[in-house]
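Heads up: the protein sequence lines correspond to chains A and B, in order.
Following the working numbering, the numbering of the first sequence begins with -9 at its first residue and continues without gaps.
Following the working numbering, the numbering of the second sequence begins with -9 at its first residue and continues without gaps.
Derived from the structure by calculation, the hints contain no laboratory data.
As the structure is a prediction and not an experimental result, all values here were calculated from the model.
Each hint should be verified, as a subset may be incorrect.
All copies of an identical chain are treated as equivalent in the list; a pair is satisfied when it fits inside any one copy or across any two copies.
Using 20 Å as the maximum straight-line C-alpha spacing, the simulated EDC-like pairs for lysine to aspartate or glutamate come out as follows [to be verified]:
#	residue 1	residue 2
1	Lys500	Glu67
2	Lys22	Glu389
3	Lys22	Glu49
4	Lys500	Glu7
5	Lys500	Glu535
6	Lys500	Asp524
7	Lys500	Glu490
8	Lys22	Asp355
9	Lys500	Asp544
10	Lys22	Asp145
11	Lys500	Asp547
12	Lys500	Glu592
13	Lys22	Glu353
14	Lys22	Glu67
15	Lys22	Glu53
There are 2 protein chains.
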Amino acid sequence: MSAGGSATRRDLTPLFEPASVAVVGASDDPVKWGNWLARAALRGASRRAVYLVNRRGGEVMGERAHRGLAELPEAPELAVLAVPPPALEPALDEAIAVGTRAVVVITAGSADGDAGGARDVALASRAREAGVILLGPNCLGVFDAAAGLELVPNDLPRGSIGLLSQSGNLALEIGMLAEAAGLGFSRVVSLGNQADLEAAELIQDLSEHDGTELIAIYVEDFRDGRAFARAAEAAARGGKPVVLLAVEHSEATARAVRSHTGALASEGAAIDAACAAAGMHPANSPQELVDLSQGLLGVGPPHGRRVAVLADGGGHGGIAAALAGGAGLELPALSANLRQTLRTGLPPTAAVANPIDLAGGGERDIHSYDRTARIVLASGEVDAVVMSGYFGGYTHYTETLARGEAAVAEALADAVAESGRPLLVQTMYPEAGAADALRRGGVPVYPTIERAVGVLARLADHVGRDSRGVPALPPPAEPIAAASYMDARALLAAGGVPFEPVRVVSSAAKAVAAAAELGYPVVLKALGMLHKSDVGGVVLGLSDERAVAAAYRDLRDRLAPAAVAVERMAPLDEGVELLVGARWDARFGPVALVGLGGVFTEVLRDVAVALAPVDEAIARELLLSLRAAPLLRGARGRAPVDLDAAAAAVAALSRVAAAHPEIAELEVNPLLALPEGAVGLDARVVPRVGAAGATNQV
Amino acid sequence: MSAGGSATRRDLTPLFEPASVAVVGASDDPVKWGNWLARAALRGASRRAVYLVNRRGGEVMGERAHRGLAELPEAPELAVLAVPPPALEPALDEAIAVGTRAVVVITAGSADGDAGGARDVALASRAREAGVILLGPNCLGVFDAAAGLELVPNDLPRGSIGLLSQSGNLALEIGMLAEAAGLGFSRVVSLGNQADLEAAELIQDLSEHDGTELIAIYVEDFRDGRAFARAAEAAARGGKPVVLLAVEHSEATARAVRSHTGALASEGAAIDAACAAAGMHPANSPQELVDLSQGLLGVGPPHGRRVAVLADGGGHGGIAAALAGGAGLELPALSANLRQTLRTGLPPTAAVANPIDLAGGGERDIHSYDRTARIVLASGEVDAVVMSGYFGGYTHYTETLARGEAAVAEALADAVAESGRPLLVQTMYPEAGAADALRRGGVPVYPTIERAVGVLARLADHVGRDSRGVPALPPPAEPIAAASYMDARALLAAGGVPFEPVRVVSSAAKAVAAAAELGYPVVLKALGMLHKSDVGGVVLGLSDERAVAAAYRDLRDRLAPAAVAVERMAPLDEGVELLVGARWDARFGPVALVGLGGVFTEVLRDVAVALAPVDEAIARELLLSLRAAPLLRGARGRAPVDLDAAAAAVAALSRVAAAHPEIAELEVNPLLALPEGAVGLDARVVPRVGAAGATNQV
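Isolated chain A (complex conformation):
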């Protein structure tokens, strides 16, 4: 799917830890990239040879400017190309000729909006043939904290986050927000157009980089989405969480959609599916990316959804508890034993059930905070503690309390480490020394309670979801020859999706004979139209010969169908109608979707997605993740549906979809989930436009 790819692993040392660097296009003009990067490169001059290249020669920034790479005393291991667009290919050729091992291409390659265009492909293939690593074009540089390599236009904070970014301003913003949270970068790579080096290969590399504890990504173009997801999955399994901020391609939203699945399994849904498969943490903004990163570092995520809220004052505790409940966290009432233990040393008016309110205990004895937190964390009655409010502000009270705060912060960090359960802190004083001490101890600190609670809820959502895995695609099956209802049905039935028996007839008499053979009641469906139901092409509940014959004639007269299908009628009122489908996403391949069927599909948009193919276990998990899942479990005295059968049908459809790249959209809507078994009541195939071997007839 992409010019680059990551089939063979390459050694990226020349990119991150080069023995020598040349900046081609170095300039004294302070608004040029060649100036910023030359200055940045020179900051590492004590660590490695730095050469400036400018075709006019002379001096740049008081240093000798060489006229070309060939003039240098040695081949630079890394060359940064910041030259005018027409000079790009000659500069690359020269770098290759002198033996450069990696190039960072700042210059735009293919025209904006045409990343991956012909010029990019040509650049990448020139570099690959020569065994040269190419980053960009249209990228903003590379940063390695440990190597002292700062080939980026701005100062960046140092830390343990490896950042891949397709936007310079966002890398800068994430850096500023990370610094405010006491975090920083081990490595930063500006991805540019990813003509050669793609995000997937860089994720693989970061997952093996000692200085990197977490991988953060801002990306606009996933390239080979499955390779991307597989690399992220490997990193996460190796203990390095991956946080992803992605923007959908706006062009893509213009694609034609012909089924409900097509509309509901959007690009955004495909990204969600990839995150679930790979165990990535999706973020919706730079701040959320940094907030999640803070929560994932240190002691890491909780093992469940139970949280205790701790505050000194009913207001902060009440607000935190309300937000936690609203975010889907559980606030269990603490046990009588635990409440009794907590009471010791707290004012008599303290609340200890959850939320815990120290009721002024903090200013009487600042260690009320850590004593209480330690007991609750150790109790096992909750999976995490959220502390909210004034802590950090005692510095403004008395000197005793100010000194106490620092000790409390350390004690809190110890209690977290001992219990292995996270504590998330919101303080009105995020810049206080006590807040810094907490951060240094690996306790995330947030300036607002909604961010603390939001991070905890997101991390708790992730519990048990990090092992779905990115599924391998099966070898493509024989492409479909036609895409009618009967073809779709046959394809899916062969793949294991159950349907009611059917006969295709072309006269009223044959319809009656088929019905007698199948058994009443039956359904008649007019064949040859896309939205049968909407044009009155489906007649339900025909329970005798006369009704069948009349319905046949009516369909014939109104719709002149190519033929009519006679099917045994499923017991609609005994089951729950599901929507089951799959869409072939341009980046992530086949994506499976399940949802509540019937009129509720469109109205409530209650759907779940996963990368296809899914196995029965994941299919079941998808079904049970629906808001409407209680209907499947048997709400208000109804019989529960046969989840095994429904999950098997979902898995079967997903396997068919994964074996047919020529199918854009595949759908069974509804699949009737019954107390025993499940049965497809309709089927639809939408071939990919231009896909070989498929026609678009229905």
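Since chain A is already given, all that's left is putting chain B on it; use the hints.
This is chain B only, laid out in the frame that chain A set:
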């Protein structure tokens, strides 16, 4: 419902702008309230006489300390009482005796957790009898910026927000967050236990206070919730928005609930209903309160949901657009004409459809920002503009750009004022001079894009919802005598809720006769049990004599009901089942609720609430606000339901509820909304525990 109340308006000048102040309990001990407040009071000594009172006499803070109020040369207009609890009543008596006109009671009155207890009631009635205004007890002080009255323990920023708070730490936190947003307070009142002065009276007063442009409230106890809501409604109608941060009473969540309505129309839902009725803006956290306040000041809320996103760079624009879409805002594609106008002066790679990406235009010509924003704001094609990203950071570029930024900020503020449409700005540099200039010009500035978009979405949600009004309660009707199904039905039918005809029978023969009279098919319902459906006490679709007789005998044998109701069966499959109910909330009185009925009530919790009684127009609005509203309008070829009839039934039920304070919960579930008409299929009344005149039989 409360000891105080706001039936008669009082002049609160002695509280906010006293000619003289005495601090009773003034102290040199730096950890005592009497110290903090004395120091704070003395800061206003150039504006008014300030007297310190300590029963030991001598000096406090280098000032003379009087032994009692009687010793003072004049009666202080305002007295602050910060004395030990046992000294409180004598201090109040002394204040009354010397002719003090207002007292601020810092000392705790009734025990914590017993606000409104007997001691509070006694204090308030003593003050009221003497015509003295009493704030507190258990309050933290009062602040008036214009009067230079700072009887609060911390420095607070000055501005145009009137704040009422039931928590000192939250007032402090809100003050810090407000200051960071360039906002501050006109007045701050710590509510304490509201023994005499309640929030409602203070809202009324702030709504007429010249220096206050917006009223912000943190409250734990609404006291008389309807009076509170009416005061807020009047303030909002008078042009002063009210932002409300509330914490539910945790005790209240323990109340018994006997109907779906009882479970769904929670205390939180009642607060939501009060907000909708009064046009208040609910906030969930201190930061959200300040963010909303920033959005409401300046040019104010948008007139619709359409927004254009403006950024220099595709990343920031794409993230903002995705968040806006996710928050329910609309991003219309801009017209060809407008796109053409926008292109002038922008780089050829700029995107102008929406989101608008200046594509580096900002650094080439900083005025690309204001030129573009002005054109879009003036176009009428959107209701608001969100600008996101780097603006504010050009200061770090070149001097020309730095100077330009300030001019751009002013031009942006002008464009907003001229168009009357809001611009909300997110910048990576919220502390930059350009950001300050924007705030001074009334343009809200946020450090993260989720907050900018979140505020705009919340303000847009509010469009057209500010005129519902707090309904008056009708005079109480004759209390119900009994609460059986038949009683509930009769009560509601008399109030205008339609039901199918019914006959109560006590033999199979009478059941058959009743069915013949009513017409088949019929339903049989066993009388005398609370959850008829759950125990199999309802038999549907009986279409002949034999079926009726058999069903009767089956009910009799299984359930031994008191009697059996025979009703004509409604055409279930032709309509949509709704849940319609009301609950009498302890603070806000009757709250009406509508939702999707049947199994979906519990599963999807898709409900809407309003203060009862509601008229037909509001009832219709509630129905159409449901996520499932498309089902009512006729999704996928179904006939739309008779909204007039459904709304009339909702309004009728709400009127019955509002006339019966002895009823805790009242419910018709389901109400079948049909293409023509609506009909109640069940009815339930849950009397208030201990309510006179009602028994709890069913």
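Hint check results:
For the identical chains of this complex, Lys500 and Glu67 are neighbours neither inside a copy (79 Å) nor across copies (100 Å), given an alpha-carbon limit of 20 Å. Taking CA atoms no more than 20 Å apart as the test, Lys22 paired with Glu389 passes between copies only; the shortest distance there is 15 Å, against 52 Å inside one copy. With identical chains, the CA atoms of Lys22 and Glu49 are at most 20 Å apart within one copy only, with a shortest distance of 16 Å there and 69 Å across copies. In the homo-oligomer, the alpha carbons of Lys500 and Glu7 never lie at most 20 Å apart, since the shortest distance is 78 Å inside one protomer and 95 Å across protomers.
In this homomeric assembly, Lys500 and Glu535 come within 20 Å of each other (Cα to Cα) only inside a single copy, at 11 Å, whereas the closest approach across copies is 39 Å. For the homomeric pair Lys500 and Asp524, neither the shortest alpha-carbon distance inside one copy (25 Å) nor that between copies (46 Å) is at most 20 Å. With identical chains, the CA atoms of Lys500 and Glu490 are at most 20 Å apart within one copy only, with a shortest distance of 18 Å there and 45 Å across copies. Taking the shortest alpha-carbon separations for Lys22 and Asp355, only the inter-copy value of 16 Å comes in at or below 20 Å, while the best intra-copy value is 58 Å.
When the C-alpha separation of Lys500 and Asp544 is checked against a cutoff of 20 Å, the pair qualifies only within one copy, where the shortest distance is 15 Å, while the shortest distance between copies is 44 Å. For a Cα distance limit of 20 Å, the shortest separation of Lys22 from Asp145 inside one copy, 17 Å, qualifies, whereas the shortest one across copies, 47 Å, does not. Taking the closest pair of Cα atoms, Lys500 and Asp547 come within 20 Å of each other only inside a single copy of the chain (17 Å); across copies the shortest separation is 49 Å, beyond that limit. Taking the closest pair of Cα atoms, Lys500 and Glu592 never come within 20 Å of each other, the shortest separation being 37 Å inside a single copy and 47 Å across copies.
For the identical chains of this complex, Lys22 and Glu353 are inter-copy neighbours only, at 12 Å across copies versus 56 Å inside a copy, given an alpha-carbon limit of 20 Å. For the homomeric pair Lys22 and Glu67, neither the shortest alpha-carbon distance inside one copy (23 Å) nor that between copies (68 Å) is at most 20 Å. Proximity of Lys22 to Glu53 under the C-alpha cut-off of 20 Å is restricted to the intra-copy arrangement: shortest distance 17 Å within a copy versus 66 Å between copies.
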